[in-house]
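Student: Sequence:
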Amino acid sequence: MLRTDPSFKRLPSTDQQRLVQQLDHVNQLPDEQRQRRLARSEALEHMSPQERMQVNNSARRWAALPQERQSMMKNAFRDLRAVPLDQRQTVLDSQRYRGVFSPEERGILSDMLRVEPFQPAR
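Using our numbering, you'd call the opening residue of the sequence shown number 1 and step up by one each time.
Think of the hints as simulated: they come from the structure by calculation, not from any bench.
You may find that some hints are simply not true.
[To be verified] Simulated restraints on C-beta separations:
| # | residue 1 | residue 2 | range |
| --- | --- | --- | --- |
| 1 | Gln95 | Leu65 | 18 to 26 Å |
| 2 | Tyr97 | Leu23 | 31 to 39 Å |
| 3 | Lys9 | Glu42 | 19 to 27 Å |
| 4 | Glu68 | Gln95 | 33 to 41 Å |
| 5 | Gly99 | Lys9 | 50 to 58 Å |
| 6 | Gln87 | Pro6 | 40 to 48 Å |
| 7 | Ser94 | Leu38 | 29 to 37 Å |
| 8 | Gln16 | Ser71 | 17 to 25 Å |
| 9 | Asp79 | Ala39 | 41 to 49 Å |
| 10 | Gln54 | Leu19 | 35 to 43 Å |
| 11 | Gln95 | Lys9 | 17 to 25 Å |
Glycine included, each C-beta is placed from N, C-alpha and C at the ideal position.
Full structure from sequences and hints, please.
Tutor: Given below as structure tokens:
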């Protein structure tokens, strides 16, 4: 289906190949991971270009943090995914998180959580 899309056909062959590989990778993921990835992509599609750029910048800033901080943020991110969307910012602004994470780190988490679907705790 993708290969017959006129927009896809107009892409350079290297971009076509990259997209096919990404799609193959997503299709091989376990169903839960695939659904999360698709939900994130959907959320990004509904954002303005500025909002998408902000999320992408936050992802780069996260990757530039020392490994120890990345690990702490990954744990917080996992915990915050289980918080309903309308409550995430309140929890992130709580004393608990302000005591552990810098304003920049909380901003990064906030941006990244904007595209993360709600994942109830198990």
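Student: If a hint holds in the structure, say so; if it does not, say that too.
Tutor: Hints and how they fare:
Judged by the Cβ atoms, the range 18 to 26 Å given for glutamine 95 and leucine 65 holds: they are separated by roughly 22 Å. For the pair tyrosine 97 and leucine 23, the beta carbons lie near 36 Å from each other, so the given range of 31 to 39 Å is met. Between lysine 9 and glutamate 42 the beta carbon distance is about 24 Å. The supplied range of 19 to 27 Å therefore holds. Checking the proposed 33 to 41 Å range against glutamate 68 and glutamine 95 shows it is violated: the Cβ atoms sit about 22 Å from each other.
About 53 Å separates the C-beta atoms of glycine 99 and lysine 9, a value consistent with the hinted range of 50 to 58 Å. Take glutamine 87 and proline 6: their Cβ atoms lie about 43 Å apart, and the range 40 to 48 Å holds. The supplied range of 29 to 37 Å is met by serine 94 and leucine 38, whose beta-carbon atoms lie about 30 Å from each other. A hinted range of 17 to 25 Å for the beta carbons of glutamine 16 and serine 71 is inconsistent with their spacing of about 36 Å.
For the pair aspartate 79 and alanine 39, the supplied restraint of 41 to 49 Å is violated, since their beta-carbon distance comes to about 18 Å. The hint said 35 to 43 Å for the Cβ distance between glutamine 54 and leucine 19, and at roughly 24 Å that hint is violated. Taken as a hint, the range 17 to 25 Å is violated for the pair glutamine 95 and lysine 9, whose Cβ atoms sit roughly 54 Å apart.
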